[in-house]
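Engineer: Going line by line, the protein sequences match chains A and B.
Under the numbering used here, the letters of the first sequence match residues 1 to 701, in that order.
Under the numbering used here, the letters of the second sequence match residues 1 to 701, in that order.
Hints listed in this document are in silico derivations from the structure and should not be mistaken for laboratory results.
Note that the structure is a prediction, hence the values are computed from the model and not measured.
One or more hints might be untrue.
One copy or two, either will do: identical chains are not told apart, so a pair holds if it fits within one copy or between any two.
Claimed, not checked - The calculated lysine-lysine pairs, modelled on DSS-like cross-linking and capped at a C-alpha distance of 25 Å, are:
| no. | residue 1 | residue 2 |
| --- | --- | --- |
| 1 | K294 | K165 |
| 2 | K111 | K286 |
| 3 | K660 | K389 |
| 4 | K661 | K389 |
| 5 | K328 | K17 |
| 6 | K262 | K660 |
As a plain string of letters, each chain reads:
Number of protein chains: 2
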Amino acid sequence: MESVQDIIKQALLAGHKTLSEYDSKKILAAYGLPITREVWVNDPAAAEAAAAQIGYPVVLKVCAAGLAHKTEQGLIEVGIKNAGELKAAYARLAAHARQLEGGILVQELVKGSRELVMGLTRDPQLGPCVMFGLGGVFTEALEDVCFRVAPLDEEDALEMTREIKGRKILEGVRGLPPVQLDLLSRGLQTLGRIGLEHPAVRAIDVNPLIIQQGRPVAVDALIVLEKPPAEPAEAQGVRGGLDKLFEPQSVVVIGASQTPHKAGNDVIQNILANEFRGELYLVNPKGGEILGHKVYPSIQDLPQGIDMAIIILPAAATPQTIRDCAAKGVKAVVLAASGFAEVDQQGKTLQEETIQAIRETGVRVIGPNTSGHTSTPHNFTSSFFPLGKIPRGKVSYIAQTGNFATHTMRYIMSGENYGVARVVGMGNKLDVEESELLEYYAEDPETQAIFMYLESFKRPQRFLEVARRVTRSKPVVLLKGGATSEGARAAVAHTAALASDDRIIDGALRQAGIVRVYKYSHLILAAKAVSAMPLPLGNRVSFSAPSGAMLVCMTDLCRRHLGLRVPDLEEQTRQRLQEISPPYIRMRNPVDIWPAATVSGVEFAYREGTEAVLKDPNIDAVVPILMLTDDTGVPPLDFLVELAHRYPQKPIYVTFSAQKKHMDAAKAFLEPRGVPTFPLIEEPFEVLSILARCRQAMNRK
Amino acid sequence: MESVQDIIKQALLAGHKTLSEYDSKKILAAYGLPITREVWVNDPAAAEAAAAQIGYPVVLKVCAAGLAHKTEQGLIEVGIKNAGELKAAYARLAAHARQLEGGILVQELVKGSRELVMGLTRDPQLGPCVMFGLGGVFTEALEDVCFRVAPLDEEDALEMTREIKGRKILEGVRGLPPVQLDLLSRGLQTLGRIGLEHPAVRAIDVNPLIIQQGRPVAVDALIVLEKPPAEPAEAQGVRGGLDKLFEPQSVVVIGASQTPHKAGNDVIQNILANEFRGELYLVNPKGGEILGHKVYPSIQDLPQGIDMAIIILPAAATPQTIRDCAAKGVKAVVLAASGFAEVDQQGKTLQEETIQAIRETGVRVIGPNTSGHTSTPHNFTSSFFPLGKIPRGKVSYIAQTGNFATHTMRYIMSGENYGVARVVGMGNKLDVEESELLEYYAEDPETQAIFMYLESFKRPQRFLEVARRVTRSKPVVLLKGGATSEGARAAVAHTAALASDDRIIDGALRQAGIVRVYKYSHLILAAKAVSAMPLPLGNRVSFSAPSGAMLVCMTDLCRRHLGLRVPDLEEQTRQRLQEISPPYIRMRNPVDIWPAATVSGVEFAYREGTEAVLKDPNIDAVVPILMLTDDTGVPPLDFLVELAHRYPQKPIYVTFSAQKKHMDAAKAFLEPRGVPTFPLIEEPFEVLSILARCRQAMNRK
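Pulled out of the complex, with its shape left as it was, chain A reads as follows (with noise of 0.2 Å):
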């Protein structure tokens, strides 16, 4: 595209920040976008054979670089009739055009109740990003707009054409034709394009966007440049050989500590009660020994080709412990320290001689600032709040923050019934980082789910790239902290999270198959949950309730708030609850148990029901409300367990109206077995939300 080069390159030698609308819309013609009829005319002769051969009526506007906001300033005359108009018109605006340098564009009149906008912005994180909404005086006051990052496939596209609240206007309302949906694909397609090829190019509004018998046409365009920005060289750094951090053959503790209580100390109390089946070295300038191991007094003094190194040392000993870890042939360390950018100045700068040494050496680091990572297939763990034997299991976390390998694992253990795989708190990511952990885990057989909280995204495009993947196979569920602007301030004094556009977030998640979610608490429900169950093929829930308030509220949040069904049932399911019922109740989903219950006993009327609704092909889910009471008597809950097992394709997730202790004991009996509960009554719905979206992304083209 020899002339869309050249257009911006004379605009930028001109020194202008924004291109004209006539140079904007030849931009967009020269990639195949339709664009309203126009010619640029520079006197009043010129402006009526242009009208004549456009056909009347006309638009006339003026036209020059750098020009924006035409309707506010009193710079168009629509509906111009006949020459004579045009003659009027085209004299009141041509003194405009002369102050402004520019020009008269004469212009078709696009008529259309439509109006659409779409176009680019460039994020400074994630690079060109695509939008598109509702155009005209709505774009600001509805702001129903989303995005998505560049390049984007035809499903993106058309994906975004259904997001919008205000889809409906796409399709044939009010004897409208429907809007041509490939036309409007092709057209955010090729803006992305556009942003991809041209890097001067910063953002693109087309707006509005009108709608001419189903076919969309740039009624106004603006192109805005910038001269682009040097990329910045990023130090490729090395890849690889993350697995002498999640499978080290060799550990040694530097800064190891014989005081009970410091973390010199607990991280090998954690290495020895998570039963570390490889090589274990400590170092400590005092030398001796600690619990049973002996103490080397120096790095020098270690053998060659330990493969990993946990260094509890003060921040300003890290540049130089890092190479001399390296020259004895260490291949990863971790970085217990803090202190550095998130903290001040001076931390920046060994922040900046860390990244040196790092470079230097080729050594893999996590950290610093971080509290350790986790490997429970390998038996491993260099955490250093004391945290006991930590179970295994088939959830992965990738953390921006320390808590999924402390206080919150803590919590996890001592109140969840689940384990992890791996779990990694980055810290301040200075080396490894979300895009090479999540492919690492996408490609892990132990790791069967990706549970994220991230703050940042340090190199955005590649884990989008990564996640667009990993997502087809596993579920990605993501918490992005530092949302909105309160939130986004947080962030930064936090560590140094460069907030980005939430709604660009947004998109670009939806656009990689991640989930997304705004609980600190699903990190863990969901992850137990899919710890314990097989993943939901579909939204499809039945749940059977001891009152019909509770059936009642629990479809309206199915349905309302968490995009579930609650469908209607086979015809031979129904019977099999009819016939475990009182006659006088008509049973469907969900399932009024209670009667059921009532007649043939209380284990009777769950088990039954239960297994009725995950025989039915309609149903994906199924969540038993207990009731369990002393006085409605408490019922053994093997049944549950055992169809957990003879159903291995559908998760049953179990929830409570209850008392108390009879929830606990249920909790206590249940959860080791396999079967997830959950203490209050939404949360088994909320979660079936969450892993049902997980699925949908699994499933997508």
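Following the hints, put chain B in place on chain A, whose structure we already have.
Structural biologist: Relative to the frame of chain A, chain B by itself:
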């Protein structure tokens, strides 16, 4: 408004279901609503004269009674510039007009890029309801509309203009003048008045209502008529006398049973366990003695003038038993039996007979199909689900479900440490219903907050009228079951609920100051919070967390999802926080508490940090997120109890990032001492959001 009456009468006589646009607008104009200038004509010459008088450009429309969707049918010509165009347009439309037995409307062309809609609909339960929202093609596409029940006051109407998502277009966007809200507000109020004054008006559409230089003009309008249905002759029924239900001096159980675990026995056990201080009588044909109380063989054998009877007999015996009780001077009864209209046709007949008996006797009745009611200040319950001693508290429930007298109460008693004042499970609410109970609770000094679960409104207008008053002095929280179509289906099965358009309900509840919740659990958690702590004075929260990620996530949650503010602190507060923290961290709200805990100890940090923000005038509520693990140390928590006493204006809600056993211990220690705890980190914020909205309702004009 003679003419309005006439127009409607004529149309009804002519059998018209809708008025013509011309007549519809005449009615609007008679009520002072601004409409387009227009003339009804029947020949081309008159059309030309009208157009000349109005001034070109004009619009020509076919106008006839019973005509809707003119645009889609091509019955409008917009933007006619001159006599020539007028002639052609007239000729084309006149043919259609003749066919429809109508005429032609010559109308000014109203220009404006903002199209709104207002309207009126007659809700079967709530009567005339006014709608407002985005108009034109967006009415259906965005469904960005809201409702209020007539009559509307000015504040109701203004609230509607703030409630729609597109409210920004009412401001001065894109160089347009702001919409004159006083005119909009007057228009909305007027529509309500029309609905109230003309029962034959079934619905009104004013669409589009175009904004012309800031003034709304009705450009098209449609009034739908319907012969007003005869007002259902609602038997007024007796009112008052609820004190016999809540404070009975004497009670008789009819259907008392010897057999443990039967309702007729459990109810006696409950009454005894609650230490009822009035007289207790029992009736059973077998006579004898039950639990030390003499059993009368029949109602006839009872002494005269017992306050209340709890009737635990088969449904069929109900009407006669009511009459027998009344004959003995009983003032109130509780009907436990189910098997009425909620079951089948036979039950419906029985229900009619029961209503008859209630009307004849004037006895006040809870039920049938109720699981009972509770009044702890009077040491009384009629619940026949074994509960034991029910703790006394200051929240009261109105429930269209038996749960709060049965298993949910069991959960509250065993799992949450709060008590109740009054609880009514209304059952089929043949007599006592929510509006009267709400009124009773409003006056009840024992009730400080009201929580409701409703699936239908028996006297909706009365209910809203009462609620409008009550909500100015007490928090009123409602979970409305049956909101979605699937939910509503379940509702039909449950009682015999009439589902109402959820948007109308939503508007009506806001109008009445009732705070709507969507989670069943919130009826418990918010009640617990308000039982222990004062109602927050506003929505400004401070919280302290042991983790940056939690600071970030909870700030996001408060701002994005919960309508809470996390404001800046006074400088004095900030200084105090800085004093207790290491210098490298800059303290603010939310409070990053762990560095202080590290240097000064966990108890000191949380105590001083919590007190500092409690003192801050910018803060209405405080949430300490406690880290409690064996290794970081578990401090005594008395300080929280002391702070709660010292700052009685500000609620403190506690949550955790902790080991389960310490969470449980903290709950067991704090809750009986008046400090509520919440196991999931998001719960205190969700509860605060609900209660801050209650406060907002109480503060409204």
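Engineer: If a hint holds in the structure, say so; if it doesn't, say that too.
Structural biologist: Hints, verified against the model:
Taking identical chains as interchangeable, the C-alpha atoms of K294 and K165 are never at most 25 Å apart, the minima being 66 Å within one chain and 68 Å between chains. In the homo-oligomer, the alpha carbons of K111 and K286 never lie at most 25 Å apart, since the shortest distance is 85 Å inside one protomer and 87 Å across protomers. Taking the closest pair of Cα atoms, K660 and K389 come within 25 Å of each other only across two copies (17 Å); inside a single copy the shortest separation is 29 Å, beyond that limit. With identical chains, the CA atoms of K661 and K389 are at most 25 Å apart between copies only, with a shortest distance of 17 Å across copies and 28 Å within one.
Taking the shortest Cα distances, K328 and K17 never come within 25 Å of each other, neither inside one copy (55 Å) nor across copies (93 Å). In this homomeric assembly, K262 and K660 come within 25 Å of each other (Cα to Cα) only across copies, at 24 Å, whereas the closest approach inside a single copy is 38 Å.
Comparing the model with each earlier hint shows violations of hints 1, 2 and 5; every other hint is respected.
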